[in-house]
Amino acid sequence: MRLQISAVTFLSALTSLSSAAPLLPNPLSLLASWNIEGFAEDNPIGPTTGGKGGETVTVSNTTSFLSAVKDNTPRTIIVQGNLTFTSRPKIGSNKSVIGDKLTQAHITGSGLDIVNASNVIIRNLKISYILGNDCITIRNSTRVWVDHNEFTSDISHGPDQYDGQVDIIRGSDWITLSWNYFHDHWKSSLVGNDANFRDIDFGKLHITYHHNYWRHEGTRGPAGRFGHQHVYNNLYEDFLYQAIHSRSDNQVLVEGNVFRGDTREALSTYGLVIPDDSPNTCVCGDEELDGFANLGARNDWGGAGVNITQVGNFTKAPYKYKLTPLFLVAPVVKLGAGVGKI
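Numbering-wise (UniProt numbering), the sequence shown opens with residue 1 and increments by one.
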């Protein structure tokens, strides 16, 4: 514990110094990738660049936001202040949607849809208390980078009050979720949401999750069907029930993650969904095929359960990436994840 507190203090001091002197490099970037990394960067169809090469516009109300995101023209949209949507905006291809550094963009009401799109970047947004659907739904879309955002609601209303935080479905592919702060929510991130869509999903759903901070969540950190997820250097604190869950022939590579606090199950490949995740099913949960898991660099399970019923063939990620030393994962993620850091 003394070493971890010392690391936090040291990194905090370096980060403050870097902010005061912008010419200095961000010290966290020496320990972890601060730029795009993973499947959204390295894939057969090209890196995710968002609105690069297009105009930059600033929006501060729902009307201007909807106008800016709806087409497929390359564009960077800087979002200012609080926006409350009554229906879900659909983000077109070739877009970078980035919260303003000073005004802390906050989306409520309805979340964002990335549907039938490609080459989308979402950064520095807080999205909270979305009813009736996910904070972000990625459906039939490719090359998406979701980075340095905050997603939250509450868990006091139980697992059915809110849907997912970031759900990825219907053959979506080549996606990275990095440096996000997921907290106080029941169902976090589902990859492949229906066993009936195996023919659409199987062989796709290549997702990277790295340096995300999950705190006081219920399940799905992430839960995957049919695809491949590389889950590394994430921090889990009080992830109450089932964190990383691979089922229905899904493959997951898990390495360098840290679990702290009260977590029942850190990793499972069992096809049985615990009743806490799906309370409206039978008491035994949903019966599905088991998934697969492989362990790379050492994880710190923190006393949480690990239940690997099948070892898979996803033993190495097909790209270069920077692994943070395990003893530094907790302080690095706490300092780097969420809004206001980029």
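Any given hint might turn out to be false.
Unchecked claim - Restricting the straight-line Cα-Cα distance to at most 27 Å, the calculated cross-link-like pairs of lysine-lysine (DSS-like) are:
(1) K316 - K52
(2) K334 - K101
(3) K52 - K70
(4) K101 - K70
(5) K90 - K322
(6) K52 - K322
(7) K334 - K322
(8) K90 - K52
(9) K316 - K126
(10) K204 - K101
Said to hold, decoys possible - FRET-style restraints, in silico, Cβ to Cβ:
(11) G305 - R198: 38 to 46 Å
(12) G302 - V57: 26 to 34 Å
(13) D160 - S87: 45 to 53 Å
(14) R264 - P318: 28 to 36 Å
(15) K70 - L30: 15 to 23 Å
(16) D184 - G305: 19 to 27 Å
It is worth saying that the hints were derived from the structure and are not from the lab. Quick caveat: nothing in here was measured; it's all calculated off a predicted structure. Ideal Cβ positions, reconstructed from N, Cα and C, are used throughout, including at glycine.
Hint-by-hint comparison with the structure:
Only pairs whose Cα atoms come within 27 Å are accepted, and K316 paired with K52 is rejected, the gap being roughly 30 Å. For the suggested pair K334 and K101, the alpha carbons sit about 19 Å apart, so the restraint of at most 27 Å is met. With a C-alpha separation of about 16 Å, the suggested pairing of K52 with K70 holds against the 27 Å cut-off. In summary, the hint linking K101 to K70 is supported, as the alpha carbons are separated by about 23 Å, within the 27 Å threshold.
Pair hint K90 plus K322 does not hold up; C-alpha atoms about 33 Å apart against a cutoff of 27 Å. Simply put, K52 and K322 have alpha-carbon atoms about 24 Å apart, close enough for the 27 Å limit, and the pair holds. Our distance criterion of 27 Å between C-alpha atoms is met by K334 and K322, whose separation comes to about 17 Å. The suggested pairing of K90 with K52 holds, with an alpha-carbon distance near 19 Å, which does not exceed 27 Å.
Between K316 and K126 the alpha-carbon distance is near 33 Å, which puts this suggested pair outside the 27 Å criterion. The suggested pairing of K204 with K101 is violated, with an alpha-carbon distance near 34 Å, which exceeds 27 Å. Checked against the given bound of 38 to 46 Å, the beta carbons of G305 and R198, roughly 28 Å apart, lie outside it. Remark: the range hint 26 to 34 Å for G302 to V57 is contradicted by a beta-carbon distance near 45 Å.
Hint check: D160 to S87, Cβ distance near 22 Å, so the stated range 45 to 53 Å is violated. Distance hint check for R264 and P318: the Cβ-Cβ separation is about 32 Å, which falls inside the suggested range of 28 to 36 Å. Taking the beta carbon of each, K70 and L30 are about 40 Å apart, not inside 15 to 23 Å as hinted. Take D184 and G305: their Cβ atoms lie about 23 Å apart, and the range 19 to 27 Å holds.
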